[in-house]
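In order, the protein sequences belong to chains A and B. Our numbering puts the first sequence at residues 1 to 168. Our numbering puts the second sequence at residues 169 to 336.
Calculated from the structure, these hints are not laboratory results. These numbers were taken from a predicted model, which means no experiment stands behind them. Fair warning: there could be bad hints in the mix.
[Stated by the list, open to error] Selected chain A positions facing chain B (Cβ under 7 angstroms, derived; list incomplete):
(1) L3
(2) A6
(3) A13
(4) P38
(5) N58
(6) M59
(7) D86
(8) D106
(9) V118
(10) P125
(11) Y127
(12) T135
(13) I137
(14) L140
(15) W158
(16) I163
[Stated by the list, open to error] In silico BS3-like cross-links for lysine-lysine, where the CA-CA straight-line distance does not exceed 25 angstroms:
(17) K248(B) to K16(A)
(18) K98(A) to K80(A)
(19) K184(B) to K132(A)
(20) K296(B) to K266(B)
(21) K270(B) to K16(A)
(22) K139(A) to K285(B)
(23) K307(B) to K110(A)
(24) K296(B) to K123(A)
Quick reminder that beta carbons are idealized off the backbone N, C-alpha and C, glycines included.
2 protein chains.
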Amino acid sequence: MELPEAKQKFIEAWGKLGSEWGINRTMAQVHALLLITPDALTTEEIMEALSISRGNVNMTVRDLINWGLVEKQLRAGERKEYFYADKDTWNIARQVAKERRKRELDPVIKILDELVKVEGDKKDPAYKTFHKSVTDINKLAKNVDKTLETMIKADESWFWGSILKIFK
Amino acid sequence: MELPEAKQKFIEAWGKLGSEWGINRTMAQVHALLLITPDALTTEEIMEALSISRGNVNMTVRDLINWGLVEKQLRAGERKEYFYADKDTWNIARQVAKERRKRELDPVIKILDELVKVEGDKKDPAYKTFHKSVTDINKLAKNVDKTLETMIKADESWFWGSILKIFK
DNA sequence: TCGAACTTTCAAAATATATTGAAACTCAAT
DNA sequence: ATTGAGTTTCAATATATTTTGAAAGTTCGA
Chain A
1 MELPEAKQKF IEAWGKLGSE WGINRTMAQV HALLLITPDA LTTEEIMEAL SISRGNVNMT
61 VRDLINWGLV EKQLRAGERK EYFYADKDTW NIARQVAKER RKRELDPVIK ILDELVKVEG
121 DKKDPAYKTF HKSVTDINKL AKNVDKTLET MIKADESWFW GSILKIFK
Chain B
169 MELPEAKQKF IEAWGKLGSE WGINRTMAQV HALLLITPDA LTTEEIMEAL SISRGNVNMT
229 VRDLINWGLV EKQLRAGERK EYFYADKDTW NIARQVAKER RKRELDPVIK ILDELVKVEG
289 DKKDPAYKTF HKSVTDINKL AKNVDKTLET MIKADESWFW GSILKIFK
């Protein structure tokens, strides 16, 4: 396989994975493109490389910046903005974990905490089942939450070293 | 908060979380409903509880069965089918991990393995960056893959015990 | 203050995804 | 072989999400 084809495959694969995980396909593709590009790209270049509109690039890149995955670079004497993706995979993973935890896991845990407190007739199977499921899911969610927190703070080799040691 | 309201909240929260994670909202809601219901429900009852059509219930429930989260129960002397959700949270988590690994992570790893092999000019920054990003992501994906495999095989208390011990 | 170079916005259009509902199908009892 | 209680299918429809592109906005040098 030649490089241009391989790049295309990578962008496609990343886009597909993204969309399966609730991340806009185009956002994942722009990210993929920037990841495999050594230097920062302009809006124009991204439009060209992925055949998408100016407006779309603008919004997508803004999202990537909000996720902490891309930075805007300004060059002395130029009006154009350049976009550059952090290439450190561990940073990327952590950043994604951090954002999704904040946006999705935290709110759910908050609701579950409320629901665990709901009182009811301890003889009523409907109540018992509700209460047990909510309590169990809450525990699971909190374990995931703690694990993510550790991951977010951790150094890569330490983290995987510890995790992978679990099954020797 | 009273039980009926709490149930509603739970179904909504689960549906929202599902849709943020690439799982059809209705599927997540039906799952939520079954999780907090002590006994198995019929198509009719699910339609009623969630105000959705018969066709939708049928397809959604089939998906849940394919995911290994719900089972069909038949009762002697009755033509109707009853649907029952496994209430063991750890089983659910494992089952979801297993399915998503198979459907999404495995194919990506296969592509990454191909892309890592792509040869190019070692002096070319475009090639160097491509190769490094692909290689790094491949390593990360393989670590996740191994961790999921461990989780899928593991017993709950052992797994979380080991993971949470990591940060004492 | 003008205008060229560039960015941002957002209503409208395109696309993708989910849902409906009625017809077709299955199956067992009569 | 017909009926009726149920399930399944899927074209049509509805809904949600993404994308476009042109107009409005910004910034800066002349």
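Tested hints:
1. L3: holds, 5 angstroms
2. A6: Holds, about 4 angstroms.
3. A13: Result: holds, 5 angstroms to nearest chain B Cβ.
4. P38: holds, 4 angstroms
5. N58: Where the cut-off is 7 angstroms and the nearest Cβ of chain B is about 24 angstroms from N58(A), the hint is violated.
6. M59: The hint is violated - M59(A) has no Cβ within 7 angstroms of chain B, the shortest such distance being about 19 angstroms.
7. D86: violated, 11 angstroms
8. D106: Status violated, d = 11 angstroms.
9. V118: holds, 4 angstroms
10. P125: holds, 4 angstroms
11. Y127: Holds - the Cβ of Y127(A) comes within 7 angstroms of chain B, reaching about 6 angstroms at its closest.
12. T135: Hint on T135(A): violated, closest Cβ of chain B at ~9 angstroms, above 7 angstroms.
13. I137: holds, 6 angstroms
14. L140: holds, 5 angstroms
15. W158: violated, 9 angstroms
16. I163: holds, 6 angstroms
17. K248(B) to K16(A): With Cα atoms ~39 angstroms apart, K248(B) and K16(A) exceed 25 angstroms; violated.
18. K98(A) to K80(A): violated, 30 angstroms
19. K184(B) to K132(A): holds, 21 angstroms
20. K296(B) to K266(B): violated, 34 angstroms
21. K270(B) to K16(A): Holds, at roughly 15 angstroms.
22. K139(A) to K285(B): Given that 25 angstroms is the threshold and the Cα spacing comes to 42 angstroms, the pair is violated.
23. K307(B) to K110(A): violated, 34 angstroms
24. K296(B) to K123(A): violated, 66 angstroms
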